[in-house]
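Student: Could you put the whole structure together from the sequences, leaning on the hints where they help?
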Amino acid sequence: MRKVYASTQIEIYKPEFSEVEISLGGSVAAGPFSNVDDFASERIDINKLLIRHPEATFYARVRGNSMLGDFNDGDLLVVDKGEEWSHGRIALCYLEGEFTVKRIHLENGVCMLMPSNTSYKPIVVTSENTLIVWGIVTYSIRKHP
Amino acid sequence: MPLFDCNNFYASCERVFNPSLNDKPVVVLSNNDGCVIARSNEAKKIGIEMGIPAFKVQELFRRNNVAVYSANFALYGDMSRRVMSILSGYSPLQEVYSVDECFLDLAETATPKEYGLRMKEHVGRWTGIPISVGIAPTKALAKVANRIAKKYPSQTGGCYVMDTEEKRVKALRWLSVEDVWGIGRRNAVKLQAAGVFKAVDFAEMPESWVRRNMTVTGINLQRELNGIRCIEFVEEEKSKSFSVTRTFEKEYGTWDEIKERVVTFTAMAAAKIRKQQSLCSRIQVFLQTNYFKDTEEALSRSVEVRLPFSTSSTLEIVDFVVSGLKKIYEKDLHYKRAGVTLYNFTDEKHHQPALFPEMNANPRHKGLMNAIDAINHFSSSGGIRLASQDARMFKMHQEHLSGRYTTDIRDILQVRGE
Chain F
12 MRKVYASTQI EIYKPEFSEV EISLGGSVAA GPFSNVDDFA SERIDINKLL
62 IRHPEATFYA RVRGNSMLGD FNDGDLLVVD KGEEWSHGRI ALCYLEGEFT
112 VKRIHLENGV CMLMPSNTSY KPIVVTSENT LIVWGIVTYS IRKHP
Chain Z
-5 MPLFDCNNFY ASCERVFNPS LNDKPVVVLS NNDGCVIARS NEAKKIGIEM
45 GIPAFKVQEL FRRNNVAVYS ANFALYGDMS RRVMSILSGY SPLQEVYSVD
95 ECFLDLAETA TPKEYGLRMK EHVGRWTGIP ISVGIAPTKA LAKVANRIAK
145 KYPSQTGGCY VMDTEEKRVK ALRWLSVEDV WGIGRRNAVK LQAAGVFKAV
195 DFAEMPESWV RRNMTVTGIN LQRELNGIRC IEFVEEEKSK SFSVTRTFEK
245 EYGTWDEIKE RVVTFTAMAA AKIRKQQSLC SRIQVFLQTN YFKDTEEALS
295 RSVEVRLPFS TSSTLEIVDF VVSGLKKIYE KDLHYKRAGV TLYNFTDEKH
345 HQPALFPEMN ANPRHKGLMN AIDAINHFSS SGGIRLASQD ARMFKMHQEH
395 LSGRYTTDIR DILQVRGE
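Here the protein sequences line up with chains F and Z, keeping their order. At position 116 of the first sequence (counting the first as 1) the number is 127 in my numbering, and the numbers step up by one without a gap. At position 412 of the second sequence (counting the first as 1) the number is 406 in my numbering, and the numbers step up by one without a gap.
Source of the hints: derived by calculation from the structure; they are not laboratory data. Every residue, glycine too, gets a C-beta built ideally from N, C-alpha and C. Please note that the accuracy of each hint is not assured.
Simulated coverage check for chain Z against chain F, where a stretch passes if three residues somewhere in it have a Cβ under 8 angstroms from a Cβ of chain F [unchecked claim]:
1) 71 to 84
2) 115 to 127
3) 395 to 407
In silico DSBU-like pairs for lysine-lysine, Cα to Cα no more than 35 angstroms straight-line [unchecked claim]:
4) Lys107(Z) to Lys59(F)
5) Lys132(F) to Lys18(Z)
6) Lys269(Z) to Lys59(F)
7) Lys50(Z) to Lys269(Z)
Going by beta-carbon spacing under 8 angstroms, a handful of chain Z positions derived as facing chain F [what the hints assert, rightly or not]:
8) Ser14
9) Ala292
10) Arg410
Tutor: Here you go:
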């Protein structure tokens, strides 16, 4: 994907020609599009945009409303286990026998898992509950019916 | 030359998606929930043996609260590809030795231990799969080093480097001869009869004895244990053939039974070659009888079928397979094993059709096969099958199957937000 124009409002990317099949080894029929090879490049691939570490990327589905504001019920999450966790990132966590998605909040050595929906309470991580930060949520995908 | 080996791989895969299983005994059962094919360390400790039929240890499972899983090969295969892909990034040469093991050809480094630990950490963090690393001058010694890393995780940190003569000798004194990589049961018995019990004794045996009793494979193995590289690196290529071979759960004798099995294997193999967009023009079919009690030998027959055209259509391939099968099938024998291999591939995209239509594959099958593959991909109950395959797939016993978390969008992790 090649950027051909950028301003503060909009970015324009070069259109792709990959629908044209290029035969290997055979002769290409001459015609109006005979120089199409020169423009051959790959079509925009959403996988490449959303996935930084393919081997470490997994998907998860949001259930419930505790992250309303960031995620709706049913949103698809792109989770990267290769990303470092830190204050402010949204993580897929495993806590007390369940997977949950929350924003990590670190302050004065106290770790809290913050729901985005203010009607839910933050969870304070203590030595009694074992927290596993399973991966970092890098993108979310929502269907708009 | 390092060897990377995933620890209790199948059980570890289940744990990635169910962390509550950490520190608990986990076992994975073979197809049809028959036998134990993987155990976590905790399950090993309570005495669950590898390969034992599940029904024999039900009580042990119950008493120890063992988490029991049906084999989820879709998940294990994907996790394996992730692990192998990460490791391949460290070396231009990788030999994937099995689903959970690979050798790498690493350049000499001043700090192999740190390097090995870094790779282990990388795989662990990205995939959740724990691995052990054994680094040694040869493949056979890397196997030994890996075994030490796995056996003594707290002392080695999961990575053992065999970089001195002292360490080599010490390791071979520790290792029993039957546990040497590739030695085989028959050779182990021979060696023990000759008074050889430890790997070091085998390494020090006269070469003439080894040549006489164990052929050139034995010589290579012995040299490798002595630090001389002679087992070549096998690089992975794009699949040039696909086989589906199975041992039957019981003996089969009648034509209908054998035909049904072989047709089912053919359908599986044909689906596989369509996935990599290959067409095949040769097929091998084989049948093997059970071991005859008096001679201890099995009768094995095979036939090669040359196709007049290249195809990946299940319908066409099955026709040729059945015609080949007719040639090798004999009544009144007890068959225990059969298989189908498809080969002589051409790429679907670059296939040159023949001039005369009757020498070509039926072009209408392509759309049909695409439709069947698409339906079977989304079907959890066996999908579309040929009438000559029976409904046995529907009956597959998988009582404890976990989700196909990474290969089926309907099975991905569900995250509670309460």
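Student: Would you mind marking each hint as holding or not holding in the structure?
Tutor: Here is what the structure says about each hint:
no., hint, verdict
1, 71 to 84, "holds (count 4)"
2, 115 to 127, "holds (count 4)"
3, 395 to 407, "holds (count 5)"
4, Lys107(Z) to Lys59(F), "holds, 34 angstroms"
5, Lys132(F) to Lys18(Z), "holds, 31 angstroms"
6, Lys269(Z) to Lys59(F), "holds, 22 angstroms"
7, Lys50(Z) to Lys269(Z), "violated, 39 angstroms"
8, Ser14, "holds, 5 angstroms"
9, Ala292, "violated, 42 angstroms"
10, Arg410, "holds, 6 angstroms"
This entry does not satisfy hints 7, 9, going by the numbered hints stated previously.
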